[in-house]
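Chains as they are written, first to last, in my numbering: chain A, 10 to 571; chain B, 10 to 571.
These are computed hints drawn from the structure, not numbers from a lab. The hints are all genuine.
A pair holds if it fits inside one copy or across any two, identical chains being indistinguishable in the list.
Derived DSSO-like pairs: lysine-lysine, alpha-carbon spacing no greater than 27 Å straight-line: (1) Lys316 with Lys366; (2) Lys507 with Lys531; (3) Lys45 with Lys119; (4) Lys136 with Lys104.
Number of protein chains: 2
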Amino acid sequence: MKNKNLLRLAIAQINSTVGDLQGNAVKIIQYIEKAKNSDVDIICFPELALCGYPPEDLLLKPKFISDNIQALKNLTKSINGNLTAVVGFADGRFKETYNAAAIIYNGQIKGLYRKIFLPNYGVFDEKRYFSPGDESLVFGLGDFIFGVNICEDIWYPDGPTKSQAAAGAKLILNINASPYHMDKLKERQSVVVSQAKANSVFVVYANLIGGQDELLFDGQSMIVNNQGKLLAKAKAFAEDLLIQDLDIPASRANSSGKVVKIANILSGPKKNLVIREEPEILEPEAEIYQGLVLGLKDYVFKNGFKKVILGLSGGIDSSLVAALAVDALGNENVAGLFMPSRYTCSQSQEDAMSLAKNLGIKLTSISIEQIFRFYLLVLEPHFAGLGRDTTEENLQARIRGNILMAFSNKFGWLVLTTGNKSEMSTGYATLYGDMAGGFAVIKDVPKTLVYKLSRYRNSISQVIPERVFTKPPTAELKPNQLDQDILPPYGILDNILKAYVEKDNDLAKIIASGFDKETVCKVTDMVDKNEYKRRQSPPGIKITPKAFGRDWRMPITNKYKR
Amino acid sequence: MKNKNLLRLAIAQINSTVGDLQGNAVKIIQYIEKAKNSDVDIICFPELALCGYPPEDLLLKPKFISDNIQALKNLTKSINGNLTAVVGFADGRFKETYNAAAIIYNGQIKGLYRKIFLPNYGVFDEKRYFSPGDESLVFGLGDFIFGVNICEDIWYPDGPTKSQAAAGAKLILNINASPYHMDKLKERQSVVVSQAKANSVFVVYANLIGGQDELLFDGQSMIVNNQGKLLAKAKAFAEDLLIQDLDIPASRANSSGKVVKIANILSGPKKNLVIREEPEILEPEAEIYQGLVLGLKDYVFKNGFKKVILGLSGGIDSSLVAALAVDALGNENVAGLFMPSRYTCSQSQEDAMSLAKNLGIKLTSISIEQIFRFYLLVLEPHFAGLGRDTTEENLQARIRGNILMAFSNKFGWLVLTTGNKSEMSTGYATLYGDMAGGFAVIKDVPKTLVYKLSRYRNSISQVIPERVFTKPPTAELKPNQLDQDILPPYGILDNILKAYVEKDNDLAKIIASGFDKETVCKVTDMVDKNEYKRRQSPPGIKITPKAFGRDWRMPITNKYKR
Numbered sequence: 010m011k012n013k014n015l016l017r018l019a020i021a022q023i024n025s026t027v028g029d030l031q032g033n034a035v036k037i038i039q040y041i042e043k044a045k046n047s048d049v050d051i052i053c054f055p056e057l058a059l060c061g062y063p064p065e066d067l068l069l070k071p072k073f074i075s076d077n078i079q080a081l082k083n084l085t086k087s088i089n090g091n092l093t094a095v096v097g098f099a100d101g102r103f104k105e106t107y108n109a110a111a112i113i114y115n116g117q118i119k120g121l122y123r124k125i126f127l128p129n130y131g132v133f134d135e136k137r138y139f140s141p142g143d144e145s146l147v148f149g150l151g152d153f154i155f156g157v158n159i160c161e162d163i164w165y166p167d168g169p170t171k172s173q174a175a176a177g178a179k180l181i182l183n184i185n186a187s188p189y190h191m192d193k194l195k196e197r198q199s200v201v202v203s204q205a206k207a208n209s210v211f212v213v214y215a216n217l218i219g220g221q222d223e224l225l226f227d228g229q230s231m232i233v234n235n236q237g238k239l240l241a242k243a244k245a246f247a248e249d250l251l252i253q254d255l256d257i258p259a260s261r262a263n264s265s266g267k268v269v270k271i272a273n274i275l276s277g278p279k280k281n282l283v284i285r286e287e288p289e290i291l292e293p294e295a296e297i298y299q300g301l302v303l304g305l306k307d308y309v310f311k312n313g314f315k316k317v318i319l320g321l322s323g324g325i326d327s328s329l330v331a332a333l334a335v336d337a338l339g340n341e342n343v344a345g346l347f348m349p350s351r352y353t354c355s356q357s358q359e360d361a362m363s364l365a366k367n368l369g370i371k372l373t374s375i376s377i378e379q380i381f382r383f384y385l386l387v388l389e390p391h392f393a394g395l396g397r398d399t400t401e402e403n404l405q406a407r408i409r410g411n412i413l414m415a416f417s418n419k420f421g422w423l424v425l426t427t428g429n430k431s432e433m434s435t436g437y438a439t440l441y442g443d444m445a446g447g448f449a450v451i452k453d454v455p456k457t458l459v460y461k462l463s464r465y466r467n468s469i470s471q472v473i474p475e476r477v478f479t480k481p482p483t484a485e486l487k488p489n490q491l492d493q494d495i496l497p498p499y500g501i502l503d504n505i506l507k508a509y510v511e512k513d514n515d516l517a518k519i520i521a522s523g524f525d526k527e528t529v530c531k532v533t534d535m536v537d538k539n540e541y542k543r544r545q546s547p548p549g550i551k552i553t554p555k556a557f558g559r560d561w562r563m564p565i566t567n568k569y570k571r
Numbered sequence: 010m011k012n013k014n015l016l017r018l019a020i021a022q023i024n025s026t027v028g029d030l031q032g033n034a035v036k037i038i039q040y041i042e043k044a045k046n047s048d049v050d051i052i053c054f055p056e057l058a059l060c061g062y063p064p065e066d067l068l069l070k071p072k073f074i075s076d077n078i079q080a081l082k083n084l085t086k087s088i089n090g091n092l093t094a095v096v097g098f099a100d101g102r103f104k105e106t107y108n109a110a111a112i113i114y115n116g117q118i119k120g121l122y123r124k125i126f127l128p129n130y131g132v133f134d135e136k137r138y139f140s141p142g143d144e145s146l147v148f149g150l151g152d153f154i155f156g157v158n159i160c161e162d163i164w165y166p167d168g169p170t171k172s173q174a175a176a177g178a179k180l181i182l183n184i185n186a187s188p189y190h191m192d193k194l195k196e197r198q199s200v201v202v203s204q205a206k207a208n209s210v211f212v213v214y215a216n217l218i219g220g221q222d223e224l225l226f227d228g229q230s231m232i233v234n235n236q237g238k239l240l241a242k243a244k245a246f247a248e249d250l251l252i253q254d255l256d257i258p259a260s261r262a263n264s265s266g267k268v269v270k271i272a273n274i275l276s277g278p279k280k281n282l283v284i285r286e287e288p289e290i291l292e293p294e295a296e297i298y299q300g301l302v303l304g305l306k307d308y309v310f311k312n313g314f315k316k317v318i319l320g321l322s323g324g325i326d327s328s329l330v331a332a333l334a335v336d337a338l339g340n341e342n343v344a345g346l347f348m349p350s351r352y353t354c355s356q357s358q359e360d361a362m363s364l365a366k367n368l369g370i371k372l373t374s375i376s377i378e379q380i381f382r383f384y385l386l387v388l389e390p391h392f393a394g395l396g397r398d399t400t401e402e403n404l405q406a407r408i409r410g411n412i413l414m415a416f417s418n419k420f421g422w423l424v425l426t427t428g429n430k431s432e433m434s435t436g437y438a439t440l441y442g443d444m445a446g447g448f449a450v451i452k453d454v455p456k457t458l459v460y461k462l463s464r465y466r467n468s469i470s471q472v473i474p475e476r477v478f479t480k481p482p483t484a485e486l487k488p489n490q491l492d493q494d495i496l497p498p499y500g501i502l503d504n505i506l507k508a509y510v511e512k513d514n515d516l517a518k519i520i521a522s523g524f525d526k527e528t529v530c531k532v533t534d535m536v537d538k539n540e541y542k543r544r545q546s547p548p549g550i551k552i553t554p555k556a557f558g559r560d561w562r563m564p565i566t567n568k569y570k571r
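Work out the full structure: start from the sequences and follow the hints.
This is how it looks when you write it as structure tokens:
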């Protein structure tokens, strides 16, 4: 009934789990069944959808590669009928491993594409694992000719998109596992649009979603026509099956291009597509908040935990993490511990209690005072004549860490740490103290953004007490302590950190951009000196262009004076 | 007076420090002065000698690159007289960075070589930082023609050594920063010898020494003649200036080869060289022991510490680490803490005391019993009705960690952890407990090797009490506990771990090699499940082909079922 020049295309924006070959295969088959019910001609899955992304050093295990190839073979057998599936997997031949896509039709692998451009910067180590492919095949389905390529490939103007278009392709299926960071979507969209225009091709950008250790994949897959117009976009931070009819010109292979024929005809007459709502465009805070929720949820559940525990201090960081945890896991799966000492003021307790009440989570209160006193007693003869310093502050944080870990050990709950990126950068945190835990949810969130995200959360429902926003931040580890005794105001600190950590700017440049020299020296010195702490911190969710983790490989032993 | 065909060559096997541009330059000049006093014609420094190896993400800072180039320019000005120096540095041009060597003569850079083969496996990330060079220049000094290349370059039979030989070079100066692991020397020597023979060239293999975070560079530089005969070898794990007269055939550039002329003549008549003693060939345990001593010493001093503290339990691991620390730092710089609990037997105390006495270190004794009791008291209402488990064991280890860290905070001493590789692999250690500390000296030493190294140390002087070798290993965290309650015998465990961790063997292969299936499944399961602990462990010295650190990048979230 429909115009026979329409190609019905689907993006299966799935949440794969690294290493879960069988689980991922089951999920792929489920999406294929759904697509068949909608008369889809071609369905694309994300990069390495079958083995998860990034598998890191699992790729060095020969059996992992062969198991993943076997999983692909099994999967292939169960793909039949009038549908072409593009599935990412790790191909291995002659001792080389490739980041590959299989083009599957009617129980057979009709062709393979092997990623040509391998990213080896930032969080990426693809040259550690993969050999580059060297063929930009195009495929024929009825009168349509299309090319398949993978992630980084589309970022190069002279890459396979160009050669596939030259070989006659009018449609490019680019499958991705593109990690999220703020404003990444704009970068991607601009690349996809410019490739579509430059080569007069439709581009299907299929992305992964889900959390994998420090990485977060946001989905937001898209389809752009051959004039660069965005036709459709998939959800952010959720699985999605995006189906779209594409009015692609039929094409003939260029004489120089070899076309791998998949099938002579498309599937028959198609039911009309149900019109779907456009996914809402998220405001920056909403986007980050939803991302953190997904990253946390996936870390917890994919690692087999059911419940988390965290220390609530009455401060903004732990308040935000508690809210994120409740939104990710449900309030029945979040436990709060309030652990006052002699330095804890009554407002802190009130704020922690009212937060817990608003979130509907259980709050247990355990004083660290007696334990703290015994440490001091035992250490006294050895520290005789020496004044109080950070030693005693750290002890309090460590007692709290121990108590949290005791709950973790006893009940099997994961401990969430509550430190933010401003603290991680400057080392304003206690190793084995407030840094003790399995997952550091807001590790990559600067303090100023912590406030914004908290405001955003409260705009949905008022959970964080207003006073938490207005009182000055304090660690409460000694009398009348304030963060700003040690650190510059967070507004200034976060800007210096962004320039130094994320942009690799040197001191002169940062000072020239309008910051006080002494402050810049002090802050960058703190960053440099605290590498040893960061090396022992738990993983957390990357949301900025450069996070502490695979993205940041600084030596600890380092005498470079900037 | 000497045969004018002799070329006097020196290898300056120095201990550079990452980022210490000025300090490294001063050291380079000192070695050049020494070489001049011995009428040396050519002196070679290691790979990236000027900025240290590996600088990791410092290389992403544009100012680091320009500072290092400025340091090279300054250095060049102070190199004069009849001597050619080959100095490794990070070259940067047109936004590309190269792992380079400058060939310097008489205040001028006469030429550059840029590394062609960039390792990007194991601990190496060179493709993250460097672009590959594409020129294999040869240089002329009097009648001699030589080529320079860098580290990985010599491992490729069709690499620059071959093309430089084809262009007329009779001598190859290969500068290195080749990290140590057991048996690495044999591999290197075999490559150097085969290149020398295949291309009829003398090969000068100049290596770095020193510790840099987890990496250890062993030196053991060597000179091989054009028949593959080893002419001279530098010290292991110590700075050295190896000078050797080489009877190299004069050569003429191949018509196809362009020769960069450095000088028309060699330096004049030379004083005779003082005959130096051949460095002793180290037995495996001696080699590893000396390596650990250097790695520890460099980590401590390069990071600005003067003194270390560690917990002594009376067991073999902490005994070995204490001995290593004393040998690295002097007994005045090592403090021991004995921290008994209700489960500590009297033999443990006796053994810790006699070890401390033998090593001449101060031993402080602090009971954790009272603090432990208070934790139990405080937690009791929350754990009501639940039995004792690892929660209470971990608490003891964490109290000890806190006390060690309190000493560290109060006195500025570095805490050494004492866990071995068998524990690191299986997770038989307490996060934030015995894993708390700045440097994990024997992190890459399997338990069976811990015993061998301890025996070796005792063969020099009897410091570790005999009973420490014979009593069964125990963590003493509950009554009558033995390591072997949880772990298979260490002889079996270590072999399974070697196959699984270092060789990436799959389970079927490990079982087929003669291990019990149940044991193999249990052990490999423990390895997989404890990735989160390893991710938060302090760095330690790599001595095996695959250590936990930059060498091992496994996902935490990982559902692969082997």
